[in-house]
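Enquirer: Sequence:
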Amino acid sequence: MVFIFDCAVGIEIKFSKNDRGEKNLQTSRPMWNSNLPKPNAIYVYGVANANITFFKGSDILSYETREVLLKYFDNLDKDEESLKNALKNLENPFGFAPYIRKAYEHKKEFSNHHQIESFFSHNHTLREQSVLHFLKTINH
1 MVFIFDCAVG IEIKFSKNDR GEKNLQTSRP MWNSNLPKPN AIYVYGVANA NITFFKGSDI
61 LSYETREVLL KYFDNLDKDE ESLKNALKNL ENPFGFAPYI RKAYEHKKEF SNHHQIESFF
121 SHNHTLREQS VLHFLKTINH
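Sequence positions in the sequence shown follow our numbering and run 1 to 140.
Derived from the structure by calculation, the hints contain no laboratory data. It should be emphasised that the depicted structure is a prediction, and the values quoted were computed from it without experimental measurement. Be aware that one or more of the hints could be misleading.
What the hints assert, rightly or not - With a Cα cut of at most 27 Å, we get these calculated DSS-like pairs of lysine-lysine: (1) K107 / K136; (2) K14 / K88; (3) K78 / K17; (4) K102 / K17; (5) K71 / K17; (6) K84 / K14; (7) K71 / K108; (8) K88 / K17; (9) K38 / K84; (10) K78 / K107; (11) K14 / K107; (12) K38 / K88; (13) K107 / K88; (14) K38 / K107; (15) K84 / K102; (16) K88 / K102; (17) K14 / K71.
To be verified - Pair ranges (Cβ atoms, derived): (18) F5 / N123: 26 to 36 Å; (19) F5 / S130: 40 to 50 Å; (20) A86 / L126: 30 to 40 Å; (21) F5 / E109: 40 to 50 Å; (22) E12 / S82: 18 to 28 Å.
Note that beta-carbon positions come from the ideal geometry of N, C-alpha and C, so glycine has one too.
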């Protein structure tokens with residue numbers, strides 16, 4: 001988190017290893033563990049030995065899409081109570097329970113484009129300019 005005047009701006013760094021120099025920038029994507037990009041946070045994404053870019057969360061994920069994705073895991077969390085009720089009178093001495101890890105990845109079948117956009121596509125310049133514009137709008 002960075003404090004600019006009276007504002008706090010979230011900054012997160014995402015990084016992909018590239019030990020053998022084999023990463024293709026067009027297919028390289030960050031992993032989103034336990035949360036999605038926040039609209040007014042700034043993300044710096046780098047691929048080792050290759051390139052780096054930065055963007056605002058709202059420039060890669062709309063508010064509406066973010067809400068639908070977050071609600072999916074909220075519904076799973078709520079359903080845990082019904083699972084506990086279903087299991088409470090059953091023999092389960094070792095306490096078996098599902099472990100669902102909250103993480104998000106990029107899948108072509110969930111994209112409404114014919115392919116997933118690269119973080120290093122020609123649009124990366126527009127996303128970087130959006131961050132710079134956002135920072136300039138923060139008042140004293």
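Enquirer: Next, verify each hint and record whether it holds.
Expert: Here is what the structure says about each hint:
1. K107 / K136: violated, 34 Å
2. K14 / K88: violated, 41 Å
3. K78 / K17: Violated - the C-alpha atoms of K17 and K78 are around 36 Å apart, more than 27 Å.
4. K102 / K17: holds, 22 Å
5. K71 / K17: Violated: K71 and K17 sit about 31 Å apart, past 27 Å.
6. K84 / K14: Outside the cut-off at roughly 36 Å; violated.
7. K71 / K108: OK: K71 and K108 at ~21 Å, within 27 Å.
8. K88 / K17: Violated - the C-alpha atoms of K17 and K88 are around 44 Å apart, more than 27 Å.
9. K38 / K84: violated, 32 Å
10. K78 / K107: holds, 25 Å
11. K14 / K107: It holds: about 18 Å lies between the C-alpha atoms, which stays within 27 Å.
12. K38 / K88: Roughly 38 Å between the alpha carbons, so the hint for K38 and K88 is violated.
13. K107 / K88: The hint is violated at about 37 Å.
14. K38 / K107: holds, 19 Å
15. K84 / K102: Holds, because 19 Å separates the two Cα atoms, which is no more than 27 Å.
16. K88 / K102: Holds, at roughly 25 Å.
17. K14 / K71: Measuring from Cα to Cα gives roughly 24 Å; hence the hint holds.
18. F5 / N123: 26 to 36 Å: The hint (26 to 36 Å, Cβ to Cβ) holds, given that F5 and N123 are roughly 30 Å apart.
19. F5 / S130: 40 to 50 Å: violated, 20 Å
20. A86 / L126: 30 to 40 Å: Violated, at about 50 Å.
21. F5 / E109: 40 to 50 Å: At roughly 43 Å between Cβ atoms, E109 and F5 fall inside 40 to 50 Å, so the hint holds.
22. E12 / S82: 18 to 28 Å: Check failed, 34 Å falls outside 18 to 28 Å.
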